[in-house]
Structures are given as C-alpha cells and as structure tokens.
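**Student:** Protein chains in written order, with the numbering used here: chain A, 1 to 465; chain B, 1 to 465; chain C, 1 to 465; chain D, 1 to 465.
Please note that the accuracy of each hint is not assured.
Residues of chain C clear of chain D, computed beta-carbon distances all greater than 12 angstroms [claimed, not checked]:
1. F233
2. P297
3. A438
Derived pair list, reagent style EDC-like, types lysine to aspartate or glutamate, alpha-carbon separation capped at 16 angstroms [said to hold, decoys possible]:
4. K420/C x E282/B
5. K420/B x E282/C
6. K420/A x E282/D
7. K420/D x E282/A
For the record, the hints were derived by calculation from the structure and aren't laboratory data. Even glycine gets a Cβ: it sits at the ideal position worked out from N, Cα and C.
4 protein chains.
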Amino acid sequence: MTSHLMPGNASESDLPRMAQRYLQVRAQTLALAAPLSDADCQVQSMPDASPTKWHLAHVTWFFETFVLERFEPGFAPFHPAFRVLFNSYYQTVGAQHPRPQRGLITRPDMADIRAYRAQVDERVARLLHHLSPSNPHTAEVLSVMELGLQHEQQHQELLLTDIKHLLSCNPIWPTYLPACSPIDLPAESPVYPPVHSPARHPTPHASVADATPLAWVNFEAALANVGHAGTGFAFDNECPRHPAWVQPFTLANRLITHGEWLAFVADGGYTHPQWWMSAGWEWVCANRVTAPQYWLPTGNGGWTTFTLHGRVPIDPHTPMVHVNWFEADACARWLGHQQGLPLRLPTEAEWEHAANCQATHWAEHGNFLESGALHPVPLASRAQGLAQMGGDAWEWTGSSYLPHPGYQPWAGAVGEYNGKFMVNQMVLKGGSCATPRAHIRASYRNFFPTDARWQFTGVRLARSL
Amino acid sequence: MTSHLMPGNASESDLPRMAQRYLQVRAQTLALAAPLSDADCQVQSMPDASPTKWHLAHVTWFFETFVLERFEPGFAPFHPAFRVLFNSYYQTVGAQHPRPQRGLITRPDMADIRAYRAQVDERVARLLHHLSPSNPHTAEVLSVMELGLQHEQQHQELLLTDIKHLLSCNPIWPTYLPACSPIDLPAESPVYPPVHSPARHPTPHASVADATPLAWVNFEAALANVGHAGTGFAFDNECPRHPAWVQPFTLANRLITHGEWLAFVADGGYTHPQWWMSAGWEWVCANRVTAPQYWLPTGNGGWTTFTLHGRVPIDPHTPMVHVNWFEADACARWLGHQQGLPLRLPTEAEWEHAANCQATHWAEHGNFLESGALHPVPLASRAQGLAQMGGDAWEWTGSSYLPHPGYQPWAGAVGEYNGKFMVNQMVLKGGSCATPRAHIRASYRNFFPTDARWQFTGVRLARSL
Amino acid sequence: MTSHLMPGNASESDLPRMAQRYLQVRAQTLALAAPLSDADCQVQSMPDASPTKWHLAHVTWFFETFVLERFEPGFAPFHPAFRVLFNSYYQTVGAQHPRPQRGLITRPDMADIRAYRAQVDERVARLLHHLSPSNPHTAEVLSVMELGLQHEQQHQELLLTDIKHLLSCNPIWPTYLPACSPIDLPAESPVYPPVHSPARHPTPHASVADATPLAWVNFEAALANVGHAGTGFAFDNECPRHPAWVQPFTLANRLITHGEWLAFVADGGYTHPQWWMSAGWEWVCANRVTAPQYWLPTGNGGWTTFTLHGRVPIDPHTPMVHVNWFEADACARWLGHQQGLPLRLPTEAEWEHAANCQATHWAEHGNFLESGALHPVPLASRAQGLAQMGGDAWEWTGSSYLPHPGYQPWAGAVGEYNGKFMVNQMVLKGGSCATPRAHIRASYRNFFPTDARWQFTGVRLARSL
Amino acid sequence: MTSHLMPGNASESDLPRMAQRYLQVRAQTLALAAPLSDADCQVQSMPDASPTKWHLAHVTWFFETFVLERFEPGFAPFHPAFRVLFNSYYQTVGAQHPRPQRGLITRPDMADIRAYRAQVDERVARLLHHLSPSNPHTAEVLSVMELGLQHEQQHQELLLTDIKHLLSCNPIWPTYLPACSPIDLPAESPVYPPVHSPARHPTPHASVADATPLAWVNFEAALANVGHAGTGFAFDNECPRHPAWVQPFTLANRLITHGEWLAFVADGGYTHPQWWMSAGWEWVCANRVTAPQYWLPTGNGGWTTFTLHGRVPIDPHTPMVHVNWFEADACARWLGHQQGLPLRLPTEAEWEHAANCQATHWAEHGNFLESGALHPVPLASRAQGLAQMGGDAWEWTGSSYLPHPGYQPWAGAVGEYNGKFMVNQMVLKGGSCATPRAHIRASYRNFFPTDARWQFTGVRLARSL
C-alpha cells in the first residue's frame, strides 16, 4: 500500500479483535434504532436527512461492497437492487438512488433490512474467521473493515440527529426515549400529550448550579503540528500531519450556553444585521429566522426546545446546540461587543493545537454518546483549564474545510469518502453528545455548510492576542 | 333545512340501513389498506398525495367532527391533536397540519389509527342505535352520515392512486397486489425482482381481441338538463339542475386506448408544439416530458407501464389512463389531424346530456372498483352505442370546473367541501376503475388541475356537427 | 376564404381608407411612446411585461411578416435577426427570443426601431398604393392589414400597462404624463420629488360628487346570442355566434369603486380566508398580499395609489382597477355578505347578453384611451341603466376563457393568435381607460390568468334571480 | 486614528496630487462608459451584475456620502432619493434599493447621472482646494478619498464585466468596441450582422506563435510573510501582515490557455464526475453545463467565444478566462491526471509568497486595463520565471476568503466594505486585463463564490513537493 491508499495499520494479530469490535459496533447501531417503530424508521424529513432504515442498510452496503465483494470467495449480492438503493455518493461504484427520495423506498421493509444486516454480519464473520494472518489481503481487509466501522459510527450520530429532526416536525412532539420534564405549554403552539403516554417523569437534567464563568486560556505563537500522527486509524482528510504557524491566541474555557443565547435573542440578535455576515443576514431574512432550531416561545416569555426526550423548558446552563455557522459567528460577534473584545470562532489549527497542549486528555470526561444523555449537560463543577473540548457539542471553527497541505485522497472508490466535499463547508471539532467516544480524535475533521442546523453544533469563543 | 343546507333526503326509516352501509363502506376502506405494510401506509410521495394512514384517519376525523362532535351526548375527542392533524382544509374547523408534511407524522402509528377507527365506529353505531326516528336531528344526522360515506368513497379512490404513485417511485417496482405479466426488462432501467417474491403469475389481462373500432354517436341540438335530479344524494356542486343549450355534436363510442397513444408518441406527439396549448407546451418543456406518466421504454422499442400489479408491458387495447388535461387535449387535436376532423374533448353538458340520453344505464357493466381489476380493461366485445361511459377512466372534459348557475354552497363547514375549488380546474366525468360503483352519477363532477397525472384519467373524443 | 380562414370582409373600395387608418393607428402608437426616454423604452420590469421598444418593434414585425413577406414583390427583411427578436409566440414562423429576456436587447436601439417602423410604413403604403382592386390578393391583404391594426391596438394598451408597472417599481415614482394631485407622504415609504420636476399641478380628477348608488338591472331567462355577428372585424375567438341559455339574473348598474374596496380592506378582507377561493387564499398567503396592486398606506390611515400621472391619494368614487380575478371574486363574496345576497361576478354570456339588450349603445360615453384620462373616472351623473359597461375597467367574468361551440382557429400562422391560450384563464369584457374606443365590441374577449393584476381590471357585480 | 480605523497614510503634501488623481480616475470611468448608448447603460442582465448607470452613480454616491456629507460645510444632498437608490450594501448608512431591481430605475436618466457626477466632482475639488494641510481632518479626508478612488477602480472592472455579460445575452452579439476577426458562423446559433455596422476589421490578436510550454518554478518551505506591508494604501482585508508557514511547492510558469481547455472539453471534461468536487458536479448537472461561459460551437467542431470586441474564434494561445472555481479545480485535476501529477490550485499564501520572491516585479509587463486589449493576450515570447502573475486573468486559489489572523474591520460604515463577505467565497490574485494597473498589489484579495463565471478569472497550476 502506498501513501495514496488507505493505511494498512492493523496488524494480523488484530483479526479476532476486529471480529469482536465489528459485533459491538453493529449491535450498537441496532440498539439506537430499537426505540423506533417501522414507520419512524421509514420517513425522511428533509433532503439533508436520511431515514433510519436507510442508515441501517447503507452501512451494511458499505461492508458488502468494500469487503465482501472484494474479498469473499464466490461473492453474490444479497439483492442486486441494493447496489443502487443504498449507495450514498460513490460514483465509482455506480448509480445512486436520488438522495431526496430515500424515504420513498417502503420496500424492502425493516424486516428485509434486518435480514440483510444479519446475512452480511454472518458472512463478514465467516470471512474474518477464515482469513489467515499470512494471507496477502489480510492487512487490506482489516484496513477496510476499520474504515467500515468508523463509517458506521458516523452514521450512528446521523441516525440520531435525523430522527430528532423528524420527530420535531410532529406537533405532538414524540420522544425518542422518555425522560421528560414538565413543560410550560405555549399558548399558540399547543403541546398535545403523546397518543399513548400516560405519565411524565421528572427530568434528570434540571440544573440548579450556577454556570461556570467564562474564562480564558492563553496560547503563545507556535509552529503547531496539525493533522493525524501515530499509527491509529485516521481518515485521509486528517493527513498529512504538517506544520502550521499559529499567532498568539486565547480560547474560552467552556462552550457557550443556552443562557448566553437567550440573552442574544433577547437583545434582538436575530433582528440586527450588524452582528451577521452578509450571507448570514440573507439567510436570516430569507428564512425569517427569529430563534435557534427547535426553540418555541412558551407564550409567557419563556422558551422550550426539542430534545430526544421530547419538548423541554430551556436550561440556561446547558451548552448551546443546533446553531449553524452563521449563528455561531454572529453570536460570537455580539458577545464580543458586550465585552468590548473582538471575539470570534477559533481556527481549526488553534483548536487542534490547544487540544494537543492539554495536560490531561482533552476528551476525558466528555459527554459522548455512551453517557446516554443524548443532549449536552451543564458543567458539573468548576472545571479547570479547557472544559468540554470533547463531547456535548461539535465546535464550529472559523476555518473552511480544505485539504491539508500535501493531502491525497485514498486510491479507489473510498477516495470519494472525503476529498470531494472540500469546498464551501466549515470545519467542526471535538465531537458531540451523539458521537461515539472511540470515534473522536483531535485531528478529526467534521464539516457542514454554513446553514446546517440539525447537528449537535455549538460554539467556543476565541480571540487573537 | 333550506336549499342552502345539505339535503335532508334520508327518511327516518333509513336508520338501520345507514348503520349497515356505514359498516360496509368503513370495512371496504380497511380492506383497501390491507395489502400494505405500516411503512407503505406512512409515506407521502408528493405534496398532492397523502399517506394511506392519513386517509384512514382523515375520513374518521370527518365522522368524529361532523357527526359525533355535533350529535353525540357528552362528546369528547379521541385525541385533541387529531383535530389539527387530520383536518384537510376546513378553515371553519380550525388549523390544519401542512399538507406537504402529512407523511412526517409517524406517531400516531397505524395501531393508533386502527384504534381510532374502531372507537369512532363503535360510537357512531351507538349514536345511530339510540337515535329515534322522531328525534328532530335525525334527518340531519343521516344527511351528514351520507356525506361522510360519500367522502370516504372518494378517499378510497385517492388511497389507491396515491399508493400507486408511491410504489412507482421505487425502482424495484413493488406490487400493491400480485397479478403480473412477464416483463421485457429495459436495458437502461433495470427491473429488479421484488425482495421477497419468488414467482410471477400470468396476467389475466392479456388481450388478444382486436380493439373495437372508433365510431361516432350523434346528438342533436337541445336545451339539455344538467345537474342533479331526484331525491338521492348529490354534492352541492351538482346543483341546481338547470337548462343548458347544447349545439349538435357527436361523441366517440369508446375511450382512447393505449394503442392510440403509442401512435401519438411514435409520431413525435411530445416534441411538436402544434398539438399543444401554449401552457401545455410550457409544461412539456419545463418538465422534459417525453411519454405519459408511468411509461418506461423497454430498450427494444417497446414500452412498459406501472400498475397496481407491478410493471407490465403495455396492452394496446386497454383504455389510456394517467394523462393530464394538456395531454388529453393535445392527443385529441393530433387524432383530429390524422382523421381530417376537428376533434376535441366533450364539454360537461354534452357528456352529461349524452349519458342521460342512453337507453340502458350508462354505467352498467362499467369497470369500477368492485371488479377488482384496479386497471382499465379492454372492451370485451363489439359494444353498441356509447361504451365505457362509466368506469375504466375518468373522462377529461373541455369544461372548466365552475359553479352551476344558481349554485350555493351548503351552510356551515361542509360548505367548504366543493365551492372554494371552483377555479383553475377542469371537470372529469364517469368514474374510473378505482371508483366505487355506488359513488358515481351522471351529474357527478370530478375536477383536477390541467397538469395532474396521477389519477385514472383518460380521453373520449367529441366533435361539433 | 373558408370559415377557417380569417374573414375577408373588407371590400376593395376600402384600399384608400385602409391606408389612412394604417397611418392613424401607427401614429397613435408612436404618440403613446413619445413621453418616454430611450431608457424607459428599454426596460422590462417583469416577465409578463414587455419593453416599449419591443412593443414598437413587434407590431411592426407583424406587418413585415404577415403582409410584406407574403405580398410585397421582391421582399427582403429589414434585418434578418428581427424575425427571431420580435416574434412573440408564433411557432409556425420560427424561433423566438425568450420572453423574460426581451429587456436585455439594448441593440437595436430606439433609433433603429424608429427607422424600422418608418421603412415598413413606407413599404406598406407603397404596397397598398400599387394594389389593384381586381388583384386576387387584395381581399386577403386587407384582411391581414385589419388584423395587424387590431393587433397594434392591443399593444397600445399593453404598452401603457407595462410602462405603468415599470414606473411603479421606481421609489421616486415618476410620472408618465404630469397631472398630479397633492400627496400625503407616507411615513415609512418616502415619496421623493422627481429628479427634475419643479412643480405639481392640481389634479383634474378630484371628485366632490357623491358616488352613484349601487342599483340592479334585471334580465329574464333567455336563449341569448353570444359571439360576433355582422360583417365587421372580429377575432376568431369571438366566433361562431351561437345560442346560449341564460338563467334569470341581475347586474349592478356600475363598477365597484375604490371606496368600496377601501371598506373591504378595512374589514380585513385580505386576512380572512372565508372570502377567498382556496387558490386565491394560497395566492394571498404566498405573496403576503395586504392591499391591491399599487396601493401604499400613507401612515395616517389613508392610502395612495400609483397612476400614469404619478402617486395620488385614493379617490373613493373612481372605479376600482388593478385587481386580479381572485381579488374580484373575494370582494364580490364579501360585498354579498354585507348585503345578505349571494353576489358574484357575471358570466360572459350574461354580460354580453346584457350589453346587447341595451337601448343606447353600451360603450357610448365610455372612458376609453381617447379621453386622455389614462385612469378610471367617477360616474359624472346619476346614470340610468347599465353605466360604465365600456371603458374605465375591464370587467372580470366568472367564465373561463374556452372556445365557443364550433370554434375553429384561423388557418396558418395567425391561427396561433388566440386558440392556444384557451385554458387556465378567465374572460374579461368591455375595455378600459387604456383601450382604443374603436377596438372594442360586445363580443370582444380579453383574457388573463387569475393572478394577473397589472391590467386595468375591475369588478361589476351580478346575482342569480 | 487607531488601528481599527482606515489608515491615514497620506501626508498633507498630497492634497494637490490627490486632486489630480481624483480627476484622472473619474475621467477614466466616464471613458469606459463612452462607447455605450443610454439603453446599454440602463440594463441589468442578472442579479449579480449592475447597470453601467448604477456603477457611475454608486461610485459618486460613495464620495458624496463618505467625503462630502462628513467634511463639506453646509452639505446638502444632490437628491435625497440617491441615498437609497445608490447605496450598495452599507446597512449603517441606511436602506438600499434591492440589488436585482437596479435595472428598473429608468429615472434619474443618464443626463441626471452625468449632472450628479459633475456636481460632486466640482464640490470635491472645492473641498480639497480649501482644505489646509494643518486642518485636523485633512489626513482623514485624504484617507477616505483614497478609498473612494480604489473603490471606483474596482467598479471600472465590474462595469466592463457586467456590460460584457449584458451584450452576450443579445443574439446579434454587439461589440463594446470593434476589433473583430472573421467568425465561423455556427449552424444552430446564427450570428447576425450588427444592425448598423458595415465593416469588420482584422483582429490584432491573431496568434501565430507557439504557446510557451508549461514549466515549473519551485519554492522551498518557509515562514512566509502574508498581507500588506508598507505605507501605501491597502484594504483592511489585506491586514495585518502575518507569518504563515508554507510547505515546499511548485508553481506553473504561466496561466492555463484556451487550448488546454479545448482539450479538457474534448476529453469529456464536463461529462465525467471524477474530475469535479461534489458541489461542482451538482452545479454542472443542475445547469446542464457543457462548456465555459461565452463559448458556442461553430457547427464544424470549432468553438467561438464572446469578447468585448464581439464573437470571435477561440485562439488556443490566449490565457483561459471566465471559468469559475469549480471549473478551475476540475480542470487542474484533469491536467494532473494527464501528467500523472497531483496538480491543484495554489493557496493564497503560496501565490503571495511566490510573487514577493520574484526578482523583477511580478506585475511588470502585465496585460492590465491600460493595454486596451480588454481580453487576455498570448505570451509574446518565451518568458522566464513566473509569467502572467499580474493581469490577463484573476487566478483562482485554493484558499477560502477568510480573515487574516488578527484582522479587524475599519471603524464606521466603511467597515462593511470587506469583512462581512468573509465566508463561502474563494480568493483570487493578480488582477486581470480589466483591472487598472495601479490598483493591484501582491497582497490584494479579490473574492467570488465558487460558481461565479462572468469575471476575467483563470487558472495557474500548483503542486506540493
């Protein structure tokens, strides 16, 4: 494998471990779909989102196409139509079913897709079982398997954000999982009781503690190292590791909270063009935006938001999520004006440099998928240093998603994984409450367009010194 | 009840009969949904169509709102949210869930909706059972019940045309009910086998007989009577019966067939502006239309179409369906050019006058929903007179859907049923293979915009003498 | 000439008279463009409108193409590109420059177009001069000449409505011709003085008289004659004359006024769906319509409107104009509700029958183009019978623009003049303050889609008896 | 003035020199509009472009608003409406006339705008004449004057690219200035002779020399200085100068030519997704792009393009222009595939570092506006080193237009000049054949979205070493 290929960084002794991890990751995906009905799994709420059923099938298609089709002796497809139906965007593999119509495919149904998963799982297990460490393909199989697992973890997060968006379109506001707090019913947008849901439980998230005050952590100018280092897995877009000059800067110790955003809204943040980029202000006006995604006024001056546990009153101490880049940038400018400082979003290099400089691991104690909260949580104590760098909310940066210097996409179809999206998007760092903990790295590059709101995306402030 | 109200034309002795008919119509609706999975019932394939689940709930909402809420002692709604979720367009009743988002309501689920239907059915039965013939409300209850049943029959047809459209968006082309003929697989649009469908059955519709030749039935000038007469049910838009002068004209003895449409396509019908209205040609160009809805080329010069029994080769002898008004008008003009005659669509008055002039009832032997064909069928024999006036295909007329002279909408919310749609639509007559036989009348006025293609809509030719 | 051809109804002795009329009509068109600068003549303010320059060239193209090209010996085009640039929609003649881009053709410039007009005028005059009454083509030449003049008169009206729309897009609200009244400056929409316009003149239209009260003129049921009769010119769409049964009805004696519309607006007419057709309410909501075209609030509770004489305060006694069919229909329903009567728009047959029944000619004393008012005027006195049937405002009918029974388009390219627009439009009758008096007939059929507002279109009420 | 304000870098002795430069720049703008008719100056061909008349007025508005209004004693506006009509996007100054409707303002006319320019010029001259070197405002006046002149130079280029786009929409393809070569008439898109243009002149640009071969100039890794240095004028977006680490790279010695682009088109460049970014391929498909802007096939396998001298055959040796970022990126990838090298666009830091490293000034001998060519020209001789860095074509970089580290917008309304556009655009460097020579710097940052094609934008290749 040359440097243009995917890294063959799994040693042959990893075969049993890979088989084990495969089972775990695959089971995790099914567990995330378990609370949903077949109808929930079927529907696509907008072109950017995909049905749960499609996620379940597509990640399986990935293993079928890139592992079984290439390495299984006597390969035959589970169903010939699936090659088209569940191909996301790999032109090299062939045609794709149009993305906005994924929700129209009612057949195969969920039983078919569960059978598809089971069969592919069994065949992958058999393939790994019969693979000899001395087989010349073993390194490549392991390498592609690793990519498939990382890919499936990405879709675990998307499954949650997509189903959240779908449920939010329903005026009875169903829960993905119950854990609700009492709700102030807004006068103009009645919250109906769920159809079959007799009781409500007190929320575990009610926050009584004061928020951790905003503080600053300074960094000197440096020729920082950016990008992936070491032998573990990384996507091609994290490579190559390279030097990048960083001017002196300072980072906020924590994420911006819902309470700070309430103040932005209350001060007319969505009505004054001076806080916004020109394109951001156009977005506000064209979409008549008056508040963040999922917020609704209660009618008595308060606000509720929608979570995977249903509609809840806003807790001012939780980190802000579901804001797009335009909103993140505008609120940073407004907060800077409040404090008389030129506040802004951090650059990717600044963020990554800061994460790498931390004494304790930046992602330790992070609120990731495994916490089960499925929502950001308030800072539990007066944290030291940079808190919340990992988990809770993806952090928008001021950096465009562009190739690292010397970047080369992987060879073959998997080369379409990242490289062809490197324009007109912004980089996000650190993972969220819906990201598997094992999936994240300091060099990890998430990316979305500047108007995307349905991910768990938030804001950490920065400033040039 | 004044003439502005719905007709109270049901006698008190009709109470048991109404209870019986109610059960029959309601059961028929559920039977139509029976072949579908919960996922099939959930999805909305375009803004004009509705999910099966929504149809099942909305027709129930109609009885709950217009019968139970008004006449049931101690009425309480099944669920408060349903008033909004399943209101189609009755502004008088209150807010409506946005039509294009009907498919996003995954909860209530199908089990909830079945429970909703069962409870409303039981309560309606109880209401009718306890209603005394001498009760001053009985006539009105029966009148609204009748309207509810007619309404539900309309949705039975829409349920079929909407699910057909949904299934047609799936490249594996599932069947609503099996009854397939062998298919010529098109090279560029592969037809995959259904996911779990081992065998194919020979089609019952293969036509070996010659088509009945086109012939003409003449009518003299007359002051015709148009609109509903008699004591049976009719919608407000069929009233009042009124005189209308009709110039001498002639009507084709049968519907235009798929074979005639194949000739239109083969002659470049979709590429020459001279056959089209200006707005029709704009529709062709803007949508790059090259063939009727559901047609696909086989790759060897043939065509297939999509039916509720799956994709099948085109049978030239079956009446043409799924053409919009622009296409119907253009093909009539093209056929006129072929024959050297100024052919056109009939007017509503011509059609209704002709139907009323028939010796045997115009709808006798018609291919309606009850035949189970769910598709037009070839004329079985050399029929005499006007054939296929009832069933097979709704017949586009050259008449706009406007109020009859002296029209007054019903009083109250049901006055929104028809009147507010009387602009920018064209009238269709006669019912289709998806229309319940008991639902149709000569005065019945169906209506759709000139670009609607997903109904079972076809063409009968006419000419001025 | 058969009945399918244009009528050859001009006698050979008409040659000098035709030459004279040609000069008059052509000069009238230039006179209408005279107050405009070259830049005014260049710009297209919306796809439905055309630049003045295009109007001037297109009507000339009509004579060049349909008269000179067919009948002039040794014909050569003025410029080969004009065949495409100034063809409106005649597919038979060849390609057309895209309608929405007519305003982008800065060259040829106005001097070129004036030269084009002068040359064509001279060649047409020469052709007519050398045409012998015994020439077998003379009748056809005269027939096409007549069509060309009628066509040019239609564009005279469009020139005025199109330039009015263009000027209305300019926040300094220039005048086409001065005749302004003092204006209440609205606080939020400042009216700036024209760039070079030192003085304002008192308006000649200030109305002090009371409005003529609304009264009704009754008509009995009749088999009315509809369509063109006699030997004068008529468009193909007015033919053939045919019987049409009309039920008893009554017509309002005058047009609806600005004052009545002010009451509709004040009563929330644009905020209550119950007055509107479903499609009309969608139009209101989608376009956030709160008032008629050209109206602006003054800030102190009053309203101004835009006229060809600039922005003026609303005179409640002038007939209402610039309302589309949706608005006309809704206001009629609202006025009916106010009066407890089912008021509606008249049908075309009712209107035409009523016009033909009048003792004095219905169009006598009408406020047509020749009055120079270029705006509707209040009824001068307590008029008897049906007033304002001709001129002031085109009257929306409740009839769709469909072919008369037995309609056949003219043969050849001129057959594209009317027939291909006979769908999805409504008929208007009677002419407006921008229509040449000689252009109008009782059988004349103007037509526009239900959302068109920029013509001088108004409302006369009707009711079934 | 603090660092947040515009630089007051003009010394007081510059007053007479500023008055002189003001006259020169203002006269240059009028000279560019001189070949155009009033109608040419009036029309807006697309929302991104502006009418010439608007450019002439807006740059004058800039001096009136930012110089006269602030510093002229007894200031009164030329016309109160101009504050709105000719404000481009300065929210701080007040409302703006909607950009897509700039072409609808036919009044004020060109005579008014010429009078506006003359009056403002006279008042500015008077202000400068009476300004004493010791006046405390002098430095600021000079600073804003300088900004106004730089601003007007930017609009000189836009005036040319906008008028080129307008003329290209006219199927008779008028010339801005004559200098035409004979044209192969394409069969399907006839080129008509200009309306009044008897003769054609031989082109001065016919190229017989071979193209300069592509060669590479290498650069070592460095901590480069990026951004503006020195005391001359620079926009705020060029500041502050800052270090940026650059990895080893190599730059092509010249721009990509029309000939190389012909090979890309011939090889199916616009039909294969593998060369394109995902968003680029969507752009190709959505717009059915098959060739660069302004190209038309001749019908015999050749191509023509549209220039300010009219439609001409493509000269393969001239640098390519009018490609957007998607096209530039795709063609670079395709050329890399042809040569077996990972070719790409240079980053902004690479380009600027390379320009600063040149022994002779990078912009010397550049084909700028002053050459009068108004089109790129072939490399005259076998140039040494990096040729064509200045002029001919703006060079797309692989860098997003983001703030330099430590960037602060100027204080006040002029702070809206650049900063609020720093998202979703890409940086271009070096100037074009329509850029005034004196306007350009190595640190100059031009920026456009990735789909913009109507500027003189081209490609220089780069590669990581």
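**Student:** Each hint needs a verdict: does it hold in this structure or not?
**Tutor:** Now for the hints, and whether the structure bears them out:
1. F233: Holds: least Cβ distance 34 angstroms, greater than 12 angstroms.
2. P297: holds, 17 angstroms
3. A438: Holds: least Cβ distance 31 angstroms, greater than 12 angstroms.
4. K420/C x E282/B: holds, 12 angstroms
5. K420/B x E282/C: Measuring from Cα to Cα gives roughly 12 angstroms; hence the hint holds.
6. K420/A x E282/D: holds, 12 angstroms
7. K420/D x E282/A: Within the cut-off at roughly 12 angstroms; holds.
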